[in-house]
Amino acid sequence: MIYLRLFWEFFKTGLFSVGGGLATLPFLYQMQAKTGWFTVADLSNMIAVSESTPGPMGINMATYTGYTVAGIPGALIAVAGEILPAFLIILIVYRLLDRFKTNRYVQDVLYGLRAASAAMILMAGLRVAQTALLDVPAWRVSGAFFELFRPLPILLAAAVFILYRKVGKHPLWYILASGLIGVLLKL
Amino acid sequence: MRQIPDLFLTFARVGVTTFGGGYAMLPVLQREVVEAKQWATEEELADIYAIGQCTPGVIAVNVSTYIGYKKGRLPGAVAATFGVVFPSLVIITLITALIRNFSGIAWVQHALAGIRACVCALVFSSVIKLAKKAVPDLPAFLVFAAVFLLSLFTDVSNVVWVVAAGAAGVMIRRLAALRKKKGGDGT
Chain S
2 MIYLRLFWEF
12 FKTGLFSVGG
22 GLATLPFLYQ
32 MQAKTGWFTV
42 ADLSNMIAVS
52 ESTPGPMGIN
62 MATYTGYTVA
72 GIPGALIAVA
82 GEILPAFLII
92 LIVYRLLDRF
102 KTNRYVQDVL
112 YGLRAASAAM
122 ILMAGLRVAQ
132 TALLDVPAWR
142 VSGAFFELFR
152 PLPILLAAAV
162 FILYRKVGKH
172 PLWYILASGL
182 IGVLLKL
Chain A
69 MRQIPDLFLT
79 FARVGVTTFG
89 GGYAMLPVLQ
99 REVVEAKQWA
109 TEEELADIYA
119 IGQCTPGVIA
129 VNVSTYIGYK
139 KGRLPGAVAA
149 TFGVVFPSLV
159 IITLITALIR
169 NFSGIAWVQH
179 ALAGIRACVC
189 ALVFSSVIKL
199 AKKAVPDLPA
209 FLVFAAVFLL
219 SLFTDVSNVV
229 WVVAAGAAGV
239 MIRRLAALRK
249 KKGGDGT
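Sequence lines, in order, name chains S and A. Here the first sequence stands for residues 2 to 188, where the numbers follow our numbering. Here the second sequence stands for residues 69 to 255, where the numbers follow our numbering.
It is worth saying that the hints were derived from the structure and are not from the lab. Bear in mind that the values here come from a model prediction, so they are computed numbers and not experimental data. Even glycine gets a Cβ: it sits at the ideal position worked out from N, Cα and C.
Cβ pair distances, simulated, as ranges:
#: 1; chain 1: A; residue 1: S225; chain 2: S; residue 2: L97; range: 26 to 32 Å
#: 2; chain 1: A; residue 1: S171; chain 2: S; residue 2: W140; range: 22 to 28 Å
#: 3; chain 1: A; residue 1: R242; chain 2: S; residue 2: F150; range: 43 to 49 Å
#: 4; chain 1: S; residue 1: G169; chain 2: A; residue 2: K250; range: 43 to 49 Å
One chain only, chain A, in its complex shape:
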């Protein structure tokens, strides 16, 4: 049972030392979880990342839940997951409270206006990076374009686009596989 506080503290350390989550977290996890604690192997970690990318939600939560469950069943999973989000809860709450209390001051508003312009640039550069991986071929581009235009001109819930895009993914890939098979038989 000594493992429960240890899981919490280790994952809290992972949470506080990573910026941005996802892949930024991988080196920290390798150091803390694989090398220092030996709670998982490199291969296991890679597997959990692959799962994290196939399942919804925050990858950090996938990883901490998996390793927490492996080491301490349900209490372990809760302790590790709470650990990884705990630093965010504290730090962001403090900063948000500060921003809300001081947002009336003129120079804070000027600073925030500058930051908002900067954020646009950061978001677009993330989208470009993401699209390079997420849109590998023409059918994927068609899904991308359809979802973009539909969400621009309608206000249907994103949930609908997610479900439809998942279904479209299955249809496109099954059709492509079928055609390949047929072509293969013909030769």
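So that you can see chain S by itself, here it is in the shape it has in the complex:
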């Protein structure tokens, strides 16, 4: 029953991802490895689409994944699973809002969680980068170390990284420009 599994996987993601934005990425990466519902390349398309369209990133990622796995019903079910934990938690803590926020154990747990979340996102990011910037299959065949690297994508990623950190501007512009460069250079 794919719908039930989809709901369960996203419910877990919604319940354990803390920190917003890319916090769902490590969970989606593990979902990919475990279920094979989509590819690692799909994962970076998901990030690109989620970053360049309006709406909360976690919801965008859930919609993209759900639709890829099981069409429109899949998208609805994935989003329902993703939002249900946050929805229920707010209903529960609604009356205890002030006490909850200042509770020292909540603060202590968060201290550990934030660091773990950053580490998990870094790790999932490296896996995504591996498919975009490295060519592991070619390297395995030839054994030549330089064949491991895809020079043009690495240069492009480095250029985006430096520009984005120096200039800022919305990610959408970098995504559009990189798509154009990809077409022109036939990446």
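Chain A: place on chain S using the hints.
Relative to chain S, chain A alone:
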């Protein structure tokens, strides 16, 4: 009861006008929810954000559930939360369908290859930004490093790292508090 469609529409507008969710949503919420509708005060909004950061899941869902519940109890919470995710559902489903239908075309593949390289750069720059806040001291760095290495070399579920990091957070901070107290007594 007129409030229910109003909650849906207002939060749908919030969803469609924010890129990235989380903090990107704050100015839009201030304008729509605090100033235009007066459904919440600035302080309340800040409180919900603090809660959103201490609870799992998407912050946009925390905020919409809270304000929806406050204005219209359970139906209000459902209407506001559905409103904030509705634009994502429609927009992302359309884009995903497009990408999947046209991904066989050569130039689309080149564009996606360029975009994937760009996404690596965006993810790493987000991780750096996040780590600056999430890893404030040496114990937090140790949690960060441990989770990173363990998730790199094992394929244990992220859920385990989240729970363990939360427990580690409590232990580290309680120990630090104890030591401080002792030191204080000694002088």
